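Protein chains in written order, with the working numbering: chain A, 266 to 497; chain B, 435 to 652.
It should be emphasised that the hints constitute simulated quantities derived from the structure, not laboratory data.
Owing to the predicted nature of the structure, the values given are computational and were not obtained by experimental measurement.
Keep in mind that the hints are not guaranteed to be accurate.
Here are the simulated BS3-like pairs of lysine-lysine, each with C-alpha atoms no more than 30 Å apart in a straight line [unchecked claim]:
#1 A:Lys404 with B:Lys582
#2 A:Lys404 with B:Lys571
#3 B:Lys620 with A:Lys404
#4 A:Lys404 with B:Lys551
#5 A:Lys337 with B:Lys558
#6 B:Lys558 with A:Lys331
#7 B:Lys571 with A:Lys337
#8 B:Lys571 with B:Lys551
#9 A:Lys333 with B:Lys551
#10 B:Lys551 with A:Lys336
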Amino acid sequence: MDKVVADADQAIEGIESGMTLMIGGFGLCGIPENTIAALAKTNTRDFTCISNNAGVGDFGLGLLLKDKRIKKMIASYVGENDEFERQMLSDELDVDLIPQGSLAERCRAGGAGIPAFFTPAGYGTEVAEGKEVRVFSGKPHILEHALSADFALVKAWKGDRAGNLIFKGSARNFNPVMAMAGTITVAEVEELVDNGELDPNAVHTPGIFVQRIFQGTEFIKPIEQRTVRSRS
Amino acid sequence: MALKKEGIAQRIAQDLQTGWYVNLGIGIPTLVANYVPQGISVEFQSENGILGMGPFPFDGDEDADMINAGKQTVTLLPGASLFDSSMSFAMIRGQHVQLTVLGGMEVSDSGDIANWKIPGAMVKGMGGAMDLVASAKNIIVAMMHTNKGGESKLLPACTLPLTGVKCVSRVVSNLAVLDVTPDGFKLIERAPGVSVEEIQQATAGRLVVEGEIPEMVL
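All chains should be built: construct the whole structure from the sequences, respecting the hints.
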């Protein structure tokens, strides 16, 4: 198997206005920054974006948001992006905020052929409005449906030509479950290697979930909250 | 005297027990990690995919690929492990985490909590809070007893959109430790120098005061 494409521009071929996109990452950690930057250069718009966060003003999904190219956002926490909050409060952006664990599991379910599942998260809150409630072992649960996407855009540390992926540190986050749920999953990696160079025991996402892979360049990897302790 | 944020965190840390896996929310809860008592061994879970989270890195060692749920740079301790978001919430939903500490805007005397939205004014999202409060057996809320306007945050019923219902087990505020019981908030301890009357005045929800109420020992 060889799923390598030349660059981010080739990787996003076929992404059209109005599509549903999943974008991996948590905050700015582990986001497909090359892919988002390439998408930002196109004239596509009206996306439904599924991502835990919405980037910051001028990075990550913030690049699409500031030009109002996102029609609907499905996320769990958007506190880092003032423009997002402004568009949301002024009804310029359709937003579905859902619990983080439900978001992750809905993506996983979408990739795993499970149409819906019951979870206790959100019961008794506005998240539960309009959703079926069932009691299991005396505890109420709400029905959450699987999510899927036309394209899933993920980022990994290492990958091989067959699309096998290894993530690093806390940059794994939503990337593996979103990789499973994309009709076409695009993976950008910091280090692209030949098949056989990754230890199969160490692969986090098997290549079957990845349709296109490319070597990313000039990763910026901004740190949102730089917290350190002194050496003295 | 009312406690500062550090004092609230220090008091919560006294509740930690060896062997527990603990999830700390953003804000005051994060500070709890700084006050783990001598001889107590716990592991901190960060819902973005870390078990065995350690302190902030030394200046110059920070790694953009190693952050906590508050997006702060952190380190790993020996014995740590890393995983994806789905597995992280399997730990949480599956009740493998023994204690959750999170901040609150309002807590009701039946244990409801609101901490994610002020309609028309502030919408940041619930993050992992709804999953955490829906499943954890032991939930401590760390917060100031009153808001900036001096109004009680311990109420008969929450006025803001809920994060979870009947889930909070304990509130540790700048004034007191209170447990949520069927009869309302039960006063367990007072902050040093804070009187029962001050706590009563600052608590709008039902408050149960039985016998002598000891001061916290920090």
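Results for each hint:
1. The hinted pair formed by lysine 404 of chain A and lysine 582 of chain B fails the criterion: a straight-line CA distance of about 36 Å is larger than 30 Å.
2. Under the criterion of a C-alpha separation no larger than 30 Å, the hint pairing lysine 404 of chain A with lysine 571 of chain B is consistent with the structure, at around 13 Å.
3. At most 30 Å may separate the alpha-carbon atoms for a hinted pair to count; lysine 620 of chain B and lysine 404 of chain A meet this at roughly 25 Å.
4. Annotation: proposed proximity of lysine 404 of chain A to lysine 551 of chain B holds, straight-line Cα distance about 25 Å (limit 30 Å).
5. For the proposed pair lysine 337 of chain A and lysine 558 of chain B, the alpha carbon gap of about 16 Å is at most 30 Å, so the pair holds.
6. Between lysine 558 of chain B and lysine 331 of chain A, the direct Cα distance comes to roughly 17 Å. Compliance with the 30 Å bound is thereby established for this hinted pair.
7. Using a Cα cut-off of 30 Å, the hinted pair lysine 571 of chain B and lysine 337 of chain A is violated, with the two alpha carbons roughly 35 Å apart.
8. Only pairs whose Cα atoms come within 30 Å are accepted, and lysine 571 of chain B paired with lysine 551 of chain B is accepted, the gap being roughly 24 Å.
9. For the suggested pair lysine 333 of chain A and lysine 551 of chain B, the alpha carbons sit about 23 Å apart, so the restraint of at most 30 Å is met.
10. The suggested pairing of lysine 551 of chain B with lysine 336 of chain A holds, with an alpha-carbon distance near 22 Å, which does not exceed 30 Å.
Hint compliance for this structure: hints 1, 7 are not met, and every other hint is.
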